[in-house]
Amino acid sequence: MLNIASVIDDKMALPLMTEYFSILENNPDVPITFNVVNDNLKKEHQKTLRALPRIFDNCVAVNFLRPTPANYIHANTSSPDSNIKRNAYYRIDIPEELAVDRIIYLDADLICERSLEALESISLGQHPIGAVEDQGYVHRLQEMGISNLPGAYFNSGVLVIDVARWNKLRISERTRSLANLQPEMLKYQDQDALNAVLKGDWQHLDPCYNVQTPLITAKVSHNPIEKRQLAENQALQSPTLIHFNRFDKPWIIRNDHLHPWRAAYYYYHERMINKLAAAI
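Residue numbers for the sequence shown follow numbering that gives the first Met the number 0, beginning at 0 and rising by one.
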């Protein structure tokens, strides 16, 4: 059983439905429960998500969780380098809310191309999470005065969470505290906060589980750690999860610019629309 969690509002409802559709189509033999943090989602969108178990035998349930916005009342939601909203922080609370062994947290701007089954049992060592290095290769740990260790800053869009270890280390509590007490420190909001609290205490996953827009756009890995370039180039050729992070989204057209993997997104989006229309 995969327990997948995401945070969603109306703006990202259709991308999330497309994402979940792609996951279910590419994991036909894997039972999956979706846990959705509902940030004022319209009833029609809730109804559509609840239809997924009727369409897919492998969709066990779609559960809705209530966020606690007051937990992040002083958190930074303004940065020229990101368009993150307050609800990005809500992922931090999820391991305190779900009584399961492992959570696969996914942002709402991904699509799945291959099986995720391995994420249920993949070893995290003694780490509370597994993640993929941010493929913008930013130096945020150094800039925040946390660590000079290269390649230790992860992207928070895909997280494999060991719930017991996460809660034992009080990661939710510590991250909330940092987000509210030092908001000026957080250029990339929740991602900076989690990296600052974990300080490199995370398991590196195969980059195929989070192939991000900077790598897609570059078409080849430019990871400063050369020994990681091969794995990133292989992930680029055979991605499991494609992450349309940053400002460049396949459903957004700017100055006639199209995301290079726009067709991959719309392949699932159009199939999702057709199947849902027949089911609702």
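Hints listed in this document are in silico derivations from the structure and should not be mistaken for laboratory results.
Using N, Cα and C, we set each Cβ at its ideal position, and we do this for glycine too.
Heads up, a few of these hints could be off.
[As the list claims (entries may be wrong)] Listed below are the simulated SDA-like cross-link pairs for lysine to any residue, each with C-alpha atoms no more than 20 angstroms apart in a straight line:
#, residue 1, residue 2
1, Lys42, Ala278
2, Lys218, Lys198
3, Lys167, Glu96
[As the list claims (entries may be wrong)] Ranges between beta-carbon positions, derived for each pair:
#, residue 1, residue 2, range
4, Ile121, Asp56, 31 to 39 angstroms
5, Asp28, Ala163, 22 to 30 angstroms
6, Tyr265, Asn147, 27 to 35 angstroms
7, Phe246, Ile279, 42 to 50 angstroms
8, Leu168, Ile121, 16 to 24 angstroms
9, Leu168, Ile279, 38 to 46 angstroms
10, Ser77, Gly124, 23 to 31 angstroms
11, Ser77, Ser120, 34 to 42 angstroms
12, Ala69, Gln233, 19 to 27 angstroms
13, Ala276, Asn39, 20 to 28 angstroms
14, Ser146, Glu172, 33 to 41 angstroms
Results of checking the hints against the structure:
1. Lys42 x Ala278: holds (17 angstroms)
2. Lys218 x Lys198: violated (30 angstroms)
3. Lys167 x Glu96: Answer holds: lysine 167 to glutamate 96 is near 14 angstroms, not above 20 angstroms.
4. Ile121 x Asp56: 31 to 39 angstroms: At 25 angstroms between Cβs, range violated.
5. Asp28 x Ala163: 22 to 30 angstroms: holds (27 angstroms)
6. Tyr265 x Asn147: 27 to 35 angstroms: For asparagine 147 against tyrosine 265, whose Cβ atoms are near 42 angstroms apart, the range 27 to 35 angstroms is violated.
7. Phe246 x Ile279: 42 to 50 angstroms: About 32 angstroms separates the Cβ atoms of phenylalanine 246 and isoleucine 279, which means 42 to 50 angstroms is violated.
8. Leu168 x Ile121: 16 to 24 angstroms: holds (20 angstroms)
9. Leu168 x Ile279: 38 to 46 angstroms: holds (42 angstroms)
10. Ser77 x Gly124: 23 to 31 angstroms: violated (36 angstroms)
11. Ser77 x Ser120: 34 to 42 angstroms: holds (40 angstroms)
12. Ala69 x Gln233: 19 to 27 angstroms: With a Cβ separation near 44 angstroms, alanine 69 and glutamine 233 fall outside 19 to 27 angstroms, so the hint is violated.
13. Ala276 x Asn39: 20 to 28 angstroms: holds (25 angstroms)
14. Ser146 x Glu172: 33 to 41 angstroms: Cβ of serine 146 to Cβ of glutamate 172: about 21 angstroms, so the range 33 to 41 angstroms is violated.
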